[in-house]
Every structure is written in structure tokens, then in C-alpha cells.
Amino acid sequence: MKLLDFLQKEKIPFHNLSLYKEAFTHASYANEAHRHGKHYERLEFMGDAVLQLYVSEFLFKKFPDVPEGTLTTLRSKLVREESLARFSRQLGLGEFLYLGVGEEKSGGRQRESVLANIFESFVGALYLDCGEKEVLNILEQTIYQHVDDLDYDDITDYKTTLQELIQADQRRTVTYSLLDSTGPANAPEFTIAVMMDDMMLGVGKGTSKKKAEQQAAKDALNKMATSD
Numbered sequence: 342m343k344l345l346d347f348l349q350k351e352k353i354p355f356h357n358l359s360l361y362k363e364a365f366t367h368a369s370y371a372n373e374a375h376r377h378g379k380h381y382e383r384l385e386f387m388g389d390a391v392l393q394l395y396v397s398e399f400l401f402k403k404f405p406d407v408p409e410g411t412l413t414t415l416r417s418k419l420v421r422e423e424s425l426a427r428f429s430r431q432l433g434l435g436e437f438l439y440l441g442v443g444e445e446k447s448g449g450r451q452r453e454s455v456l457a458n459i460f461e462s463f464v465g466a467l468y469l470d471c472g473e474k475e476v477l478n479i480l481e482q483t484i485y486q487h488v489d490d491l492d493y494d495d496i497t498d499y500k501t502t503l504q505e506l507i508q509a510d511q512r513r514t515v516t517y518s519l520l521d522s523t524g525p526a527n528a529p530e531f532t533i534a535v536m537m538d539d540m541m542l543g544v545g546k547g548t549s550k551k552k553a554e555q556q557a558a559k560d561a562l563n564k565m566a567t568s569d
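Quick note: to get the numbering used here, add 341 to the position in the sequence shown (first position is 1).
It should be emphasised that the hints constitute simulated quantities derived from the structure, not laboratory data.
A couple of the hints might just be wrong.
Distance condition first, Cα-Cα at most 27 Å in a straight line; then the derived DSS-like pairs of lysine-lysine [stated by the list, open to error]:
id, residue 1, residue 2
1, K343, K402
2, K379, K446
3, K402, K559
4, K379, K403
5, K474, K350
6, K446, K343
7, K500, K446
8, K559, K546
9, K418, K343
10, K559, K500
11, K550, K403
12, K403, K552
13, K352, K474
14, K474, K402
15, K362, K500
16, K350, K362
17, K402, K418
If you're wondering where the values come from, they're calculated on a predicted model, not measured in any experiment.
Take these sequences, add in the hints, and give me the full structure.
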């Protein structure tokens, strides 16, 4: 599929096709032989700013009771390289890349960093050429569809919340103790208890000690809330 076909398939009312070609031109292509034209880095800069704004606005409205720190973490997970590369693959953007010979041979078309970059540059071009409406249409297909895929237990720092609660009330420190470890080395499951002196406050399981500790703290907080 050609770039023009893609824009038509997505029903994007483009005005400046050269802007999209720039969005998909890697520096290696622009710098080869006599091709000293523009490449995607400036549009990538623009797209990054656009994503920060619209993803922030989306999260702000979707989670009206979530604090700033958690919103920041949510946004960072949605616009990090791994996520943007995923959305780029979802749209098939790698197919339209203009790459230099060396970059092509080294697998640049499937490289996470490159795919993330062209998602940003595509959004930048789309914003400059068509404005907010068309950008939001693309974000609805990609980023906004995957907000619920995020691991909210990973985002929420239950350990810090529990420690602050304990210190505020009793000025004590909680500790974490490994109770069990099962499963093969490549897929272990840890069971960890959170303790205050000799009192077990909660127990959690996870595929890493860090996750198990967070689950133990979450269990302790749930029990404390129930007992109130």
C-alpha cells in the first residue's frame, strides 16, 4: 500500500502530501547520495507536544479523582517508546518509511525507536495539516483504546501509601518478608508478607518480588479499610 492509499483508507482529508512524506522520511534516506531533503525529526518534535496535550486532556477527563502523580505515570506509559511502536504497528506505519540502504538492511523498518518516532511525526504532520479533529480520530483508534490495558496495580504505589499511613498513625516501619517462591526460573511466583513488628498486615503474590510486595501492601490497605 502506498502512503496516498493509506491516507485515503483512513479518510484523512489531507492538503499537503509532502508533509506526510517528510513524516515518514528517516534521516538515513535524506542524507544518502544527493537526497538532502527534510526528514521526520522536526515533525516528531511537533507530534510529541501534540500527544502530551491530548493524552493529558483525555486522562484528566477520564479519571476526575486521580491525583497528578498517577496521571503523569499513566501518560508516560501510554506515550513511551514501547507503546508508540505498538500503535505504529497497529496502523501499519512502518510500511511507508523511506529508509537509507544501510538502515533498511539493519532492520530499521521494525526497530521500536523508529516506529515510535514515526508515530509521533505522523501525528505532528496530521495536526499541522488537518488540525485537532483528525488527530483525535487517530488517537481514538490507537492510544485511547488501550488505556484500560494498563497495569493499574503497577501504577499505584501501595507500598508508599501503606508506609505513610503507618508512620502517621504509629510512627513505625513496615517490612516485607518472602514466604514462598514457586514455579520455574523463567516464570516464578513469589509470595510475600508485609509485617509490622511481629504482626502480619497482608500477603501478596506476584511474578516478581516487587509486584508481590505491592500486592501485599494493597492487601494490608484493604484490610485496614475494612476494619475501620
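Now the hints, each set against the structure:
no.: 1; hint: K343 / K402; verdict: violated (37 Å)
no.: 2; hint: K379 / K446; verdict: holds (22 Å)
no.: 3; hint: K402 / K559; verdict: holds (26 Å)
no.: 4; hint: K379 / K403; verdict: violated (38 Å)
no.: 5; hint: K474 / K350; verdict: holds (17 Å)
no.: 6; hint: K446 / K343; verdict: holds (21 Å)
no.: 7; hint: K500 / K446; verdict: violated (46 Å)
no.: 8; hint: K559 / K546; verdict: holds (11 Å)
no.: 9; hint: K418 / K343; verdict: violated (31 Å)
no.: 10; hint: K559 / K500; verdict: holds (8 Å)
no.: 11; hint: K550 / K403; verdict: violated (31 Å)
no.: 12; hint: K403 / K552; verdict: holds (26 Å)
no.: 13; hint: K352 / K474; verdict: holds (12 Å)
no.: 14; hint: K474 / K402; verdict: holds (17 Å)
no.: 15; hint: K362 / K500; verdict: violated (48 Å)
no.: 16; hint: K350 / K362; verdict: holds (16 Å)
no.: 17; hint: K402 / K418; verdict: holds (17 Å)
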